[in-house]
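Starting from the known structure of chain A, arrange chain B on it as the hints suggest.
Chains A and B, in that order, give the protein sequences.
According to the numbering used here, the first sequence is numbered sequentially starting from 1.
According to the numbering used here, the second sequence is numbered sequentially starting from 1001.
It cannot be assumed that every hint is accurate.
Below are the DMTMM-like pairs computed for lysine to aspartate or glutamate, each with C-alpha atoms no more than 25 angstroms apart in a straight line [said to hold, decoys possible]:
| no. | chain 1 | residue 1 | chain 2 | residue 2 |
| --- | --- | --- | --- | --- |
| 1 | B | 1040 | A | 38 |
| 2 | A | 56 | A | 15 |
| 3 | B | 1041 | A | 54 |
| 4 | B | 1040 | A | 41 |
| 5 | B | 1018 | B | 1067 |
| 6 | A | 56 | A | 71 |
| 7 | A | 98 | B | 1003 |
| 8 | A | 98 | B | 1085 |
| 9 | B | 1041 | A | 38 |
It is worth saying that the hints were derived from the structure and are not from the lab.
The residues making up each chain are set out below.
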Amino acid sequence: TQLLEQSPQFLSIQEGENLTVYCNSSSVFSSLQWYRQEPGEGPVLLVTVVTGGEVKKLKRLTFQFGDARKDSSLHITAAQPGDTGLYLCAGVRDSSYKLIFGSGTRLLVRP
Amino acid sequence: DTEVTQTPKHLVMGMTNKKSLKCEQHMGHRAMYWYKQKAKKPPELMFVYSYEKLSINESVPSRFSPECPNSSLLNLHLHALQPEDSALYLCASSQDRGTGGAGGYTFGSGTRLTVV
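Bound conformation, chain A alone (with noise of 0.2 angstroms):
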């Protein structure tokens, strides 16, 4: 059972549309990070969200931490085929040291 939850798992759609991306867990976290990983390639940081209800824009992507920090989404505004990778959320939970990733959404921006 994967402790974090992202929906959907795949996602195509044209260049110049919005999506949004959902991370959900019955856990508390600490913080939530967004990660952004290429073919080939580790995974990089895009946001670290702390306080719950916070909101984080990075240009054309909105990231937001639910109240109860048991929750995030991330929301690109017109998508861009750059944009394409596997987008993975991943928290530690509160007295431990582990970051666990959760299960990725995998998007693919059609030009």
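Relative to chain A, chain B alone:
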């Protein structure tokens, strides 16, 4: 230097071989990690080192043996592996263990391991 460097990038080894994976960072990070990633799956934590001491072993088989010679280097010694151990092995570092602070984790590009 804001990179984690892993060598080799690719490795093919037989089930009776002994090999080592190497990881290096010069960011002054005091926590280092080994993750294993199978195809189309998220990375899975194997080991956590904090201040050069092993602090977490996620019940990894003894055929995987980590070593942290100093604060910049992390090795993973491999012996008598099985074909199902074939995967991408990722090294990461962070300012400290846990969330790694706002800087999060910095990952290397990984070693693609194939056991034949």
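Here's how the hints hold up against the structure:
no., hint, verdict
1, B:1040 / A:38, "holds, 12 angstroms"
2, A:56 / A:15, "holds, 23 angstroms"
3, B:1041 / A:54, "violated, 28 angstroms"
4, B:1040 / A:41, "holds, 13 angstroms"
5, B:1018 / B:1067, "holds, 15 angstroms"
6, A:56 / A:71, "holds, 14 angstroms"
7, A:98 / B:1003, "holds, 21 angstroms"
8, A:98 / B:1085, "holds, 22 angstroms"
9, B:1041 / A:38, "holds, 13 angstroms"
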